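One letter stands for each residue in the lines below.
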Amino acid sequence: MRIVVAEARVPFVRDGAELHAQSLVTQLRRRGHEAESVALPFHGRKHELLEEAAAWRMLNLSSSNARPIDLLIATRFPTWFARHPRKVVWLIHQHRAAYDLYGTPYSDFTSSDADTRLRARLAELDSKMFAECERIVTNAQNTADRVQRFNGVAARPLYHPPPLADRLRSGPYGGDILLVARLEPLKRVDLAIRAMAHVPPPTRLVIVGDGSQRAALEREAAQSPAADRIEFKGPVWGDSVADLYAGARGVLYAPFDEDYGYVTLEAFLAARPVITAKDSGGPLEFVRDGVNGFVCDADAMALAAAINRLADRSLAERLGRAGQSVARTITWDGVIEHLLG
Amino acid sequence: MTPLRILILEAQVPFVHGGAEILVRELAAALTARGHHAQIVAVPFTDSPKDEILAGADAWRLLDVTKAAGGDVDLVIATKFPTYFARHPRKVLWLVHQHRAAYELAGTRFSDFAHTPRDVALRKRLIDTDTRMLRECVGHFTIARTVSERMLKYNAIASEALYNPPKLAQRLHDGPYGDYVLTVTRLEHVKRVDLAIDTFAKTSASMRLLIAGDGSIRHELAEYIERRGLRDRVMLLGRVEDDALIELYAGCRAVLFAPYQEDYGYVTLEAFLSRKPVITANDSGGTLEFVVDGVNGYVCEPTPDALAAAANRLAKDAALAAELGARGHGVAAHITWDNVVDQLTANPQGPRRSTSVTIQ
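From first to last, the protein sequence lines stand for chains H and D.
Heads up: the first sequence begins at 1 in our numbering, then just goes up one per residue.
Heads up: the second sequence begins at 1001 in our numbering, then just goes up one per residue.
Just so you know, these hints were derived from the structure itself, not from any lab.
Only true hints are included.
Under 8 Å between C-beta atoms, here's a sample of chain D residues computed to sit facing chain H:
no., residue
1, 1015
2, 1016
3, 1037
4, 1042
5, 1044
6, 1046
7, 1048
8, 1052
9, 1056
10, 1059
11, 1063
12, 1065
13, 1069
14, 1216
From the derived model, a few chain D residues whose C-beta atoms are all more than 10 Å from chain H:
no., residue
15, 1109
16, 1201
17, 1219
18, 1289
19, 1293
For clarity, every value in this text was computed on a predicted model and none was experimentally measured.
Yeah, the Cβ is synthetic: ideal placement off N, Cα and C, and Gly gets one too.
Bound conformation, chain D alone (with noise of 0.2 Å):
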């Protein structure tokens, strides 16, 4: 194999860390690991106010990336809008996610672009804009099946899901089947954290609910459980650092993940690595790639009553969710890191398409 000079494209938001950027990192690793000369390029991307976003896109069809100290670049890997938006001979799509508030998420309480002329206007822009800046890249992989299914939808582009380990992959490990359930999330309101509050006003009184993460509606989601009265049965921990969250993994009953339409998740790759069972709810879309009703945990619909049930059931029978836990880890413990690398650099097909393209 001759090593490859890569950069890796990063839509950077400043002082957040989610997911994307875990993501981004452990490639860098997996690809630097294999041999290869592998960088991150991060630009700051702000969706608010809405004109930003555009302009957010030129920056970086402004940008060089085919150079760098000591010759040309070989590859790049886009991730999330708008870095596919970079020139590049050799562009290779890794998606992680468009921007969710112009596509799917219109027209739900989670995005800000209205019905308004302008908003949809907008809306039709970004999403042709994506279409041609999409079309240049000469491999289209997601991280996610949802995410791939999305892009044939609005952008009518064919794509395959390439899964990742999660990053703690390693390290997870299954441990007691204690007395309470665990949510891993930011606490951002599409994450649905105040579905699962809810839902531990209808569970069986020994179970409570430990929310492990941080984020912008965290005081908005404790005075919620104030009000519900669900102080000693909800518990939200903060950001919690790896080996604490290895441990709060390996000593739960369950894990509970019910965003609306995630697109892909570690939550739960990570619960089934500790051999825990997964509650999910039916329009959670990532978790639905893994999780089987019955099977490894529980497809519910997204009401309070329906994940009720479902975790009291693994509440009254810690060897059913001990059961369950397993068959779950058989499924995690396929994903690997070789082979999102191998597909990632793998030599494009076909004849390579001019990327001469300007944004007007």
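Same shape as in the complex, but just chain H (with noise of 0.2 Å):
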């Protein structure tokens, strides 16, 4: 088949979403498809997200140079807005500061006339394009539960493998707890800054990723009690990435409310044990308490307790390895066989 991935990007980042759809082209290509990515500017911003929906809806992507193309699967806000006969939408999410956001600090929206307005006319027009659509699957039971609570459209979440599963591998249970996000406040890096303070040496965190709020964290962590053992690698890829999972004692990850998260995956693939927390979302579909990690309160003195637990290196091995047989699971087979139809 010939096959659109559709995708939406803020030019000069690299985020989950992107690689989500990279995966999936390299990964139907592998399966013999002809498959490639199409990916406008995105923004964000809640003056301009109807023009960004709109430019999504002047593509007609049912052909290209007078051949057709069979298939279009959509991933994220406003992708599902591009005309095709056959859409299928693999949601990683919508645009949440207009829906689950709304009312926390992470959304732009207020609640003025204008902005509910707005938010009113977002969730019409997207419930609109998802009726145009073949089929929805989503990329997390989380992802799932809003397009079912916002948009009333029923939707199962479709696992898929984290883009470092290939080179990920286990190694010796090292001293140092990881932490991989992009630094935005969604993340939470402050409060695993902040747990450092209640976690005697040698314990280290080594926090991996950049982002808009990478000098307040790095200020903030200059400040704590255990300044010497914060580190900040900054952006590091691939291989890297992956010898820094494969050493780890164990992985902190306690975001508000992911989607999915491929940390949580990837750290079960190198075998370490991921701390969460119980609002942290997506990790709460992989992570059990006392199995494969732990799932605390979203405070530091609860994740600091957490990370104290896996001094004991017996028990972040033994966590570790129950993760690994879970993430073993998730295959792209499965995930193309649903998509296709």
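Two chains, two frames, a set of hints: combine them into the complex.
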């Protein structure tokens, strides 16, 4: 089949969603399909959302160079606005600021009349676009719950392996707690930094990633009593991240209501236990407290307590191995079979 | 030099990978090599049905290319239609081509625009809108003189042709002047591969034609070769990997490239960098900026007889092919990416124009 995977990207940013689309293209090609991605720039600022959706609506992707395109796979807002007779949505996320994030500090929507109207309009348009689609699956249960709640669409999650899957391996259980995240408010890296004040030496926190909050987080870390045990690695990709996973004691991943989050599965594939929070969303679909990691209250003390339990190396290993067997059941073959129907 | 944050605007045709896609990637690499932060923004483009053409252009107008992660975008470089519909105070044009079917191809067999009131009106609208969008640019460059001439003729906008070396420039090399003529082309009607095939019905039997490339009319051409009984003389090689292509260039007697009004075409320069003469037609457009008849190749009437006469001269005389090819090399060796980057990133002259226009 000739398949277009539609994505939306902020220029100069690489994130999980982009990797998701690229992995899908690679996997489709590996199975003999002609696949290509289409990516329009997207900024997500409130006053531009309708224009950005309209730009996608302008695109008729039913053919290219006089040959039909058989299937369009839409991934995130506003890619499902594109026109195609056979659209399948593999929903990564809607425009969360207008949906579940509304009313939290992470949304730029206020309770003004204009914003309320815009939110209603977006939900209405999304629902209308979803009605055009042949099928809707989501990347995670959390995303499926939201689309059910806000758009009345029944969708089931379709889990896929993280992009690093082929490179991850397990190594010795070293002394570092690893945190991999874009340094944005939703990822709550500040919680981990505060937790370190309650973690005794020699345990260290190693933070991989970059983002708008980096300078603020570095300042906060510098003021911590554990300042010399908190390291910012900046952006790290590929084998270098795999090496960090392979040698960590455990992985801390406690974002606010994440959709899916590759980090959980990446940690598990490297046989590392995952510490997460009760309101972290996606990770909770995989992390079982005391079985393959810890599910804590979203506060520094609770996270610190979990980190301190991993001082027991054999416990870290036992939980990590249990996580690994969960993550290994998730395969691309299953994903593609379902998407192509 | 202050590094600039640059977006290169690309009109993507999904599943088609031709010269324009290579050009954009090479430009990004050349900008990055000079210390700039460059990224490609691609919006898919479709021209069928024709009503979709302006919708695709509107999409560019709706998108914001002035901002990216971490701040403002300093410069956008527009390439093909309709990328120059984007809004940016520093929009520099390096025009690959406009929507040719609405321009010089209209009225030829290569265009789907007919002489109906509806199509004529759409053409006029496209050209008028193009003119407005192109005027917004603060710098006007094209990839070739043909493209500049066309923009001057239809849009009354002056520009400078800015040549870039072909992708394989660093790797191409010379070799023996063998017993085949090479054509490298996408297999589309406008490339006039049928003309090259017809030519080889009239050349001396010792010379074969090898055609590297793929495209939508491959089966049609394969049947045509059969029908003309040229199976032993003309071979469709399909898509050829770079390494193999370099060797094909290195070992050929000459390169035949006679498309209809090609804008630029890397093939001419690739042939020259391999020290091979180029046989082309006097209506082939871009090739004529480099090929001088009798000096580094042959410029013929677009007929099988005329092209075959040129091929036969080179078939008889390998030393002549080497001599013409060496002169071609001298022409191609002067074209560099450094010059392209300097021109495109130079400070725009004159006041910035307002870009607040919206299309109706």
